[in-house]
Amino acid sequence: MKLKALLSYLIFLVTITGLSQSFNPDKKFAARQLVQDFDYMSTALEKAHPGLYWHVDTNKFDDWKETIRETILRSDSLTETEFLRKAVLLTFPIGCSHTSIDFSEAHENWWQQNALLLPFNLFEADGKYYVYQNYSDNAILDFGTEILEIDGVPISKIFEQISLAIPTDGGNLSRIKNVLKTGFYYYYSFAIKESAAQYEVTCLQKSKEEADITIVKGITKTQLDTKRNALNKKLPPIECSVNKELNTVVLTIRSFRKDLMDNAGIDYNRFLDSFFVLSRVHEYKNLVIDLRNNAGGLSEYGANLLSYLSPKLFVYCKNQWLTSDTLFDFINYNIPETFQGFPKGVVKEDGGYKWKNHSVLGVQESSSNYFKGNVFFITNGKCASTSTEVLSAVRTYKLGTIVGEEAGGSYKGNTSGVTGTVILPITKAIVTIPMVRYEMPIDKQNTKGLRPDFVIKPAIDDWLNNRDAEMDFVLELIRNKK
Numbered sequence: 002m003k004l005k006a007l008l009s010y011l012i013f014l015v016t017i018t019g020l021s022q023s024f025n026p027d028k029k030f031a032a033r034q035l036v037q038d039f040d041y042m043s044t045a046l047e048k049a050h051p052g053l054y055w056h057v058d059t060n061k062f063d064d065w066k067e068t069i070r071e072t073i074l075r076s077d078s079l080t081e082t083e084f085l086r087k088a089v090l091l092t093f094p095i096g097c098s099h100t101s102i103d104f105s106e107a108h109e110n111w112w113q114q115n116a117l118l119l120p121f122n123l124f125e126a127d128g129k130y131y132v133y134q135n136y137s138d139n140a141i142l143d144f145g146t147e148i149l150e151i152d153g154v155p156i157s158k159i160f161e162q163i164s165l166a167i168p169t170d171g172g173n174l175s176r177i178k179n180v181l182k183t184g185f186y187y188y189y190s191f192a193i194k195e196s197a198a199q200y201e202v203t204c205l206q207k208s209k210e211e212a213d214i215t216i217v218k219g220i221t222k223t224q225l226d227t228k229r230n231a232l233n234k235k236l237p238p239i240e241c242s243v244n245k246e247l248n249t250v251v252l253t254i255r256s257f258r259k260d261l262m263d264n265a266g267i268d269y270n271r272f273l274d275s276f277f278v279l280s281r282v283h284e285y286k287n288l289v290i291d292l293r294n295n296a297g298g299l300s301e302y303g304a305n306l307l308s309y310l311s312p313k314l315f316v317y318c319k320n321q322w323l324t325s326d327t328l329f330d331f332i333n334y335n336i337p338e339t340f341q342g343f344p345k346g347v348v349k350e351d352g353g354y355k356w357k358n359h360s361v362l363g364v365q366e367s368s369s370n371y372f373k374g375n376v377f378f379i380t381n382g383k384c385a386s387t388s389t390e391v392l393s394a395v396r397t398y399k400l401g402t403i404v405g406e407e408a409g410g411s412y413k414g415n416t417s418g419v420t421g422t423v424i425l426p427i428t429k430a431i432v433t434i435p436m437v438r439y440e441m442p443i444d445k446q447n448t449k450g451l452r453p454d455f456v457i458k459p460a461i462d463d464w465l466n467n468r469d470a471e472m473d474f475v476l477e478l479i480r481n482k483k
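Going by the numbering used here, the first residue of the sequence shown is number 2, and it counts up by one from there.
Since the hints were derived computationally from the structure, they do not count as laboratory data. Where is the CB? At the ideal position from N, CA and C, for every residue including glycine. Check the hints yourself; a few may be wrong.
Simulated restraints on C-beta separations [claimed, not checked]:
#, residue 1, residue 2, range
1, E338, T44, 45 to 53 angstroms
2, P442, R271, 25 to 33 angstroms
3, A460, E338, 37 to 45 angstroms
4, E106, K319, 36 to 44 angstroms
5, K286, D64, 50 to 58 angstroms
Below are the EDC-like pairs computed for lysine to aspartate or glutamate, each with C-alpha atoms no more than 20 angstroms apart in a straight line [as the list claims (entries may be wrong)]:
#, residue 1, residue 2
6, K207, E246
7, K218, D138
8, K245, E210
9, K182, E150
10, K482, E246
11, K209, D127
12, K222, E106
13, K207, E440
14, K87, D77
Given only the sequences and the hints, what does the whole structure look like? Please build it.
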């Protein structure tokens with residue numbers, strides 16, 4: 002049995018290595034071929050994406066599409082990467098963080114093993130960009146070093162260019178800036194320079210008044226991951242703490258993903274129940290829920306959290322929309338457990354197709370142990386998907402005070418759930434399309450959306466001195482309530 006497993010693994014390695022060695026990133030495709038891919042992608046989105054026109058007018062989208070199509074046709078030929086840099090622009094006006102276009106499998110394997118990447122990620126503060134994590138051996142690029150230019154291009158122009166490639170709900174700029182902390186190296190490779198033996202970086206160190214120009218070597222994805230894993234501290238997806246002085250309990254939820262809960266040995270629902278029972282027993286007056294960097298997970302987890310915050314019955318998700326009650330043959334489906342039997346159970350109603358079988362639909366019960374005190378939420382631009390569903394309900398039902406940056410999602414909802422992938426016929430690039438549009442029960446009189454009640458963004462001094470500006474602000478609000 003062990004021998005069989007070993008042979009299977011060796012075959013896998015040989016296959017992957019073969020794919021990476023045979024792939025030529027400089028291979029050109031004729032414009033007429035690439036237009037076939039672009040049209041295939043456009044048709045797939047128009048047929049299958051239920052949130053396609055949620056954030057953009059139909060005519061504007063069509064005009065945008067034709068403009069991109071013309072730029073492809075005007076090119077004699079393009080590599081796969083050059084084509085993707087144009088095709089990804091079609092996803093920008095859709096305003097959906099779950100929609101993307103990615104390298105073909107062969108290209109991805111080559112990129113993972115052979116591309117030499119820019120070895121750092123960034124964070125934004127006060128309109129400037131600083132090193133967040135340095136994966137190189139160049140000590141100049143330590144945390145907090147300001148990046149001015151890369152290969153002679155101002156960082157502001159680089160940000161403008163890569164922002165068009167980062168999927169975000171409703172064109173949310175806060176999410177785009179926060180993605181830089183974990184994905185700047187990737188989007189720089191995708192949108193600007195895929196691979197280079199070295200990069201020229203103009204930067205300003207914390208202790209200096211004059212800029213330095215330094216050469217940094219490109220590194221492979223494996224090297225980058227090794228350095229990144231060594232820097233990142235493993236934290237549980239959910240934990241709590243108590244501030245006895247302020248009679249305050251803090252609930253930090255870093256993710257709503259079930260796999261992360263399972264890996265940490267945490268039963269999310271049981272954890273929540275125990276937490277709120279004990280909060281009631283100890284009569285805490287204030288609850289701070291820290292959702293920063295929570296990119297989502299199970300909507301059921303979000304609905305369960307709200308049951309401990311709402312004093313009465315509530316609706317978590319109003320409707321779940323699709324474009325069809327049948328499966329498309331051009332899509333490879335990933336159907337999660339929560340959509341068991343999909344698409345059976347889809348009904349035609351109110352001029353569209355609805356999935357009616359999800360547990361977060363309909364009226365939700367309030368828990369007998371709901372929190373009766375003051376509730377505060379801390380957010381930033383990496384809050385997305387389920388975490389922004391929670392924040393949407395918090396805003397609609399006035400369940401607490403929101404502090405921090407604007408969340409990275411949309412007040413109206415998101416398109417996610419069942420995921421479909423489409424392989425383009427010529428380049429074999431992969432388009433990801435979410436198949437279910439989650440419509441939240443929004444208050445139409447609310448024009449604030451997911452913007453915080455108090456906008457607090459860490460300044461560069463906060464970053465450099467390891468100060469938690471958002472939490473400090475919330476605790477000061479609590480002190481002033483006493």
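Hints versus structure:
1. E338 / T44: 45 to 53 angstroms: 30 angstroms, violated
2. P442 / R271: 25 to 33 angstroms: 28 angstroms, holds
3. A460 / E338: 37 to 45 angstroms: Once the Cβ atoms are compared, 43 angstroms apart, the range 37 to 45 angstroms for E338 and A460 holds.
4. E106 / K319: 36 to 44 angstroms: 38 angstroms, holds
5. K286 / D64: 50 to 58 angstroms: 54 angstroms, holds
6. K207 / E246: This hinted pair is violated, its Cα atoms lying about 36 angstroms apart.
7. K218 / D138: 9 angstroms, holds
8. K245 / E210: 44 angstroms, violated
9. K182 / E150: OK: K182 and E150 at ~17 angstroms, within 20 angstroms.
10. K482 / E246: Distance of about 13 angstroms is within 20 angstroms: holds.
11. K209 / D127: 18 angstroms, holds
12. K222 / E106: Cα-Cα ~16 angstroms, so holds.
13. K207 / E440: Outside the cut-off at roughly 46 angstroms; violated.
14. K87 / D77: 14 angstroms, holds
Hints 1, 6, 8, 13, counting from the list given before, are not met by this structure.
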